[in-house]
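Number of protein chains: 2
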Amino acid sequence: MINAPFLTACRDLLGRDHVLLESIDTDAYLVDQRKRYRGHALAVLRPANAAQVAALVRLCVAHGVPMVPQGGNTGLAGGATPDASGRQVVISLRRLDRIRQVDANNMTLTAEAGCLLANVQAAAAEAQRLFPLSLAAEGSCTIGGNLATNAGGTAVLRYGNARELCLGLEVVTPQGELWDGLRGLRKDNTGYDLRDLFIGAEGTLGLITAATLKLFAQPAARMTALAALDSPAHALALLNLAQRMAGPLLTGFELMSDFCLRLVAQVFPQQRYPFAHRYAQAVLLELSDNESEAHARDLLERLLSAAVDQSIVRDAIVANSLAQSNALWHLRESIPLAQSATGLNIKHDIAVPVSQVPAFLDATDPLVQRIAPGARMVTFGHLGDGNLHYNVMAPEDIDPDSFLGRYQSAVTAAVHDSVHAHHGSISAEHGLGQLKRNASAKYKSPVELALMRTLKTAFDPLGLMNPDKVLPD
Amino acid sequence: MINAPFLTACRDLLGRDHVLLESIDTDAYLVDQRKRYRGHALAVLRPANAAQVAALVRLCVAHGVPMVPQGGNTGLAGGATPDASGRQVVISLRRLDRIRQVDANNMTLTAEAGCLLANVQAAAAEAQRLFPLSLAAEGSCTIGGNLATNAGGTAVLRYGNARELCLGLEVVTPQGELWDGLRGLRKDNTGYDLRDLFIGAEGTLGLITAATLKLFAQPAARMTALAALDSPAHALALLNLAQRMAGPLLTGFELMSDFCLRLVAQVFPQQRYPFAHRYAQAVLLELSDNESEAHARDLLERLLSAAVDQSIVRDAIVANSLAQSNALWHLRESIPLAQSATGLNIKHDIAVPVSQVPAFLDATDPLVQRIAPGARMVTFGHLGDGNLHYNVMAPEDIDPDSFLGRYQSAVTAAVHDSVHAHHGSISAEHGLGQLKRNASAKYKSPVELALMRTLKTAFDPLGLMNPDKVLPD
Numbered sequence: 000m001i002n003a004p005f006l007t008a009c010r011d012l013l014g015r016d017h018v019l020l021e022s023i024d025t026d027a028y029l030v031d032q033r034k035r036y037r038g039h040a041l042a043v044l045r046p047a048n049a050a051q052v053a054a055l056v057r058l059c060v061a062h063g064v065p066m067v068p069q070g071g072n073t074g075l076a077g078g079a080t081p082d083a084s085g086r087q088v089v090i091s092l093r094r095l096d097r098i099r100q101v102d103a104n105n106m107t108l109t110a111e112a113g114c115l116l117a118n119v120q121a122a123a124a125e126a127q128r129l130f131p132l133s134l135a136a137e138g139s140c141t142i143g144g145n146l147a148t149n150a151g152g153t154a155v156l157r158y159g160n161a162r163e164l165c166l167g168l169e170v171v172t173p174q175g176e177l178w179d180g181l182r183g184l185r186k187d188n189t190g191y192d193l194r195d196l197f198i199g200a201e202g203t204l205g206l207i208t209a210a211t212l213k214l215f216a217q218p219a220a221r222m223t224a225l226a227a228l229d230s231p232a233h234a235l236a237l238l239n240l241a242q243r244m245a246g247p248l249l250t251g252f253e254l255m256s257d258f259c260l261r262l263v264a265q266v267f268p269q270q271r272y273p274f275a276h277r278y279a280q281a282v283l284l285e286l287s288d289n290e291s292e293a294h295a296r297d298l299l300e301r302l303l304s305a306a307v308d309q310s311i312v313r314d315a316i317v318a319n320s321l322a323q324s325n326a327l328w329h330l331r332e333s334i335p336l337a338q339s340a341t342g343l344n345i346k347h348d349i350a351v352p353v354s355q356v357p358a359f360l361d362a363t364d365p366l367v368q369r370i371a372p373g374a375r376m377v378t379f380g381h382l383g384d385g386n387l388h389y390n391v392m393a394p395e396d397i398d399p400d401s402f403l404g405r406y407q408s409a410v411t412a413a414v415h416d417s418v419h420a421h422h423g424s425i426s427a428e429h430g431l432g433q434l435k436r437n438a439s440a441k442y443k444s445p446v447e448l449a450l451m452r453t454l455k456t457a458f459d460p461l462g463l464m465n466p467d468k469v470l471p472d
Numbered sequence: 000m001i002n003a004p005f006l007t008a009c010r011d012l013l014g015r016d017h018v019l020l021e022s023i024d025t026d027a028y029l030v031d032q033r034k035r036y037r038g039h040a041l042a043v044l045r046p047a048n049a050a051q052v053a054a055l056v057r058l059c060v061a062h063g064v065p066m067v068p069q070g071g072n073t074g075l076a077g078g079a080t081p082d083a084s085g086r087q088v089v090i091s092l093r094r095l096d097r098i099r100q101v102d103a104n105n106m107t108l109t110a111e112a113g114c115l116l117a118n119v120q121a122a123a124a125e126a127q128r129l130f131p132l133s134l135a136a137e138g139s140c141t142i143g144g145n146l147a148t149n150a151g152g153t154a155v156l157r158y159g160n161a162r163e164l165c166l167g168l169e170v171v172t173p174q175g176e177l178w179d180g181l182r183g184l185r186k187d188n189t190g191y192d193l194r195d196l197f198i199g200a201e202g203t204l205g206l207i208t209a210a211t212l213k214l215f216a217q218p219a220a221r222m223t224a225l226a227a228l229d230s231p232a233h234a235l236a237l238l239n240l241a242q243r244m245a246g247p248l249l250t251g252f253e254l255m256s257d258f259c260l261r262l263v264a265q266v267f268p269q270q271r272y273p274f275a276h277r278y279a280q281a282v283l284l285e286l287s288d289n290e291s292e293a294h295a296r297d298l299l300e301r302l303l304s305a306a307v308d309q310s311i312v313r314d315a316i317v318a319n320s321l322a323q324s325n326a327l328w329h330l331r332e333s334i335p336l337a338q339s340a341t342g343l344n345i346k347h348d349i350a351v352p353v354s355q356v357p358a359f360l361d362a363t364d365p366l367v368q369r370i371a372p373g374a375r376m377v378t379f380g381h382l383g384d385g386n387l388h389y390n391v392m393a394p395e396d397i398d399p400d401s402f403l404g405r406y407q408s409a410v411t412a413a414v415h416d417s418v419h420a421h422h423g424s425i426s427a428e429h430g431l432g433q434l435k436r437n438a439s440a441k442y443k444s445p446v447e448l449a450l451m452r453t454l455k456t457a458f459d460p461l462g463l464m465n466p467d468k469v470l471p472d
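Chains as they are written, first to last, in numbering that gives the first Met the number 0: chain A, 0 to 472; chain B, 0 to 472.
Pulled out of the complex, with its shape left as it was, chain A reads as follows:
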């Protein structure tokens, strides 16, 4: 597929080096993180700044070329992978990687879309500020991608999703116009909320080129603890108590089942099962404290001792140092790694109202067993947000690949139906991309789908911005 006049114009605009055509150059852009989707592209285009992005979009419009914006290409729903036609272009935002401004007194930072999340965090830290968005891919994902997918992560309980951390945006519209909405204001009620429309739209309504982000005071200390409990209902009771006693100091609340902890210990023998006895569930709690480490530890100890007194918690470990805190987080972060090491799983990124988590698990675990007897549940996640990574692993004696082939679609359909019955979301933090756009539509009302289509048609009447993503067929 060659479109010579278009490619010539791209080269004139971007320079020859930034119009990639050879598969050795383009391959990494054409396959998604989980290697579920592999596309083709007319070219991979690497503009250097927002003005070039705008000019490039106008060029694509003039030539009728569909565009797929891409950041760090770490998405988990195929939202940044082109289709198989070879007629689309990938617009990589990675060269837009400047931190434009840090305004410490305004608690804001303005970053271009292609900045790595880790670099945004570092720029904030350099100014003695915290940018709290934190997720596994932070070393390779970009802030533009985080905003386009409204990324979540481990600190949502206290700081919100990417959406809540953004005050202003710069966006190139599907017509190639540059909207400068880079406001650093905490209050601004002068018209429609365009910002939040572009956030989470996965590049289907426009292309984010920069953002003004909220910063926070850096806490003096972070302290974690691990609590052993008998059930998710006890974990919910602990959450309640922790929110009452620690209020906004509670920045992490992660649930892990006994099976998850044993899996980690089995795959990574240096990470031992943390308790002397086995308990059905464990919760990792994190406090972020602006006073001192001593204050945080004292509060955690009082909290857990109250929880033991109230028979909510059976055993607990409070970290004695930052190193111990990190070790507890490492345990939590090892769960997906241990999972991958044992073969493919049927994965679900779901959320239900926090109060519904125990009921959801009680209802859904048996459904899965009925479909796939002996399947092992790898249930963990951000309980404080009602967000579970509700993963289903093959029975010990069944090959993971054939397990997936046989059960994936039935299990996923049952899980999603149950999520919907519990008023939940089938994509809590990963977005829809191409992976879940049709599944999601099954649970949305015709009114909502019609409103989404109205928006898409109004903003992108030619349908050239990341086609066949988010919206259902």
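Note that these hints are calculated values from the structure, not bench results. Possibly wrong hints are sitting among the right ones.
Claimed, not checked - Looking from chain A toward chain B, a few residues come up when the C-beta cut is under 10 Å (computed):
#1 Thr107
#2 Leu156
#3 Ala241
#4 Arg243
#5 Asn289
#6 Gly423
#7 Met451
#8 Val469
Where a beta carbon is used, it is the ideal one built from N, C-alpha and C, also for glycine.
Got chain A sorted already, so can you dock chain B onto it with the hints?
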């Protein structure tokens, strides 16, 4: 203006008692809070529930009748007042006043649009939870109106605006369809953010009938202090220090000039000037603490003593009790009352980046003096959000009415230009309504105005939802 078939259909739908036609019944709905706007209406319609609202909107569409939604009618920008034609109807949401659900474990509450804000706060408190939105009109404004205008208030520093406090909405579209988006989820990335599009749209894109709101753990104590300082720059340094030392416990940070405090003491002699000496500025700080009153007071004392050591603060009063805390808040809340008591002011509800507040005041005060020599500045507001009520009072020897008549438009234009030059907003928390829709357009880019019009046309092609509000002529 009579439209008999339409009114008959309205009576059939709502019952005769809820179709108000006589001026004795309708008057209160047709004039805004500040009595700046007085409209006429074909009728004032009072549906009882969301289904009736939807049916009513379909009826209005069928008869081509423009609709003006109204909550508590406490808005400050004329957004809920009909025009003078007598062809529009006011749809009052006040009868939709049920708290549909409180889910304490999910930290959510679902309220109908017509619930008074104070009743939402009370329902949360009954479940030992906090709904933190708080503003002067809370006893008479409705949560639907708060969301339609994205209301701010005194707790935005910690909890955000109304937008940040809402998880889900129920909305009647301009076509009279009911969208059930009442989700109680902390994470949900399944499509476009319709919720935030309706929030702050002042009823021009649809009609909010209910909302699912975020609750928080009730703090164990709230403690306030009043600090005396030499300048807004010192206040900014204090904010910085307070955020570092108290982090998210800081829930209020209100600036008041010496003139404001003297004005209160003059109008309400029982409220004395709080310090032994006069200082140029005062800051009210509030901490909300989940531990104890003693912990909060200790932290406030450490904070203020550090601020004195660093020569940021000249003098300080830390409240010794809840009563003293309330007395300090009362001082702050008396400023607008003292202002009203001395006659009309030229009022501005503006925001700039927090870091720009000192520069904005240094630049703008002289501009106002040049236009209106001797004018007295009544400057106070939510410094933590960069939101100032930057009000201009007549010189002592000039009649307020004639002062307004002579200077209002020139002063306001100069203030707004300066706000814009400092990257600020000319409507921080009151919205645009009819008051500021044209002024606001002056500072918006053609791209942004075009996107706003695109949205309006796509959602409300007939232009029947709250016409001539928000968008410029």
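Report holds or violated for the interface hint on Met451/A, using the least CB-CB distance to chain B and a cut-off of 10 Å.
-> Status holds, d = 5 Å.
Residue hint Val469/A, partner chain B, criterion CB-CB below 10 Å = Since chain B brings a Cβ to about 6 Å from Val469/A, closer than 10 Å, the hint holds.
Does the CB of Arg243/A sit less than 10 Å away from some CB of chain B?
-> Hint holds; Arg243/A Cβ to chain B Cβ min 5 Å, cut 10 Å.
Should the hint that Gly423/A touches chain B count as held when the rule is a Cβ pair under 10 Å?
-> This hint holds: Gly423/A lies near chain B, its Cβ roughly 7 Å from the closest one there, short of 10 Å.
So, Thr107/A near chain B? Judge it on the closest CB pair being under 10 Å.
-> Hint holds; Thr107/A Cβ to chain B Cβ min 7 Å, cut 10 Å.
Given Ala241/A was flagged as interface, is its beta-carbon under 10 Å from a beta-carbon of chain B?
-> Given a least distance of 9 Å, the restraint on Ala241/A holds.
If you take the shortest Cβ to Cβ gap from Leu156/A to chain B, is it below 10 Å?
-> Cβ of Leu156/A sits 8 Å from chain B, so the hint holds.
With a cut-off of 10 Å on the beta carbons, see whether Asn289/A makes it to chain B.
-> holds (3 Å)
In this structure, every one of the numbered hints holds.
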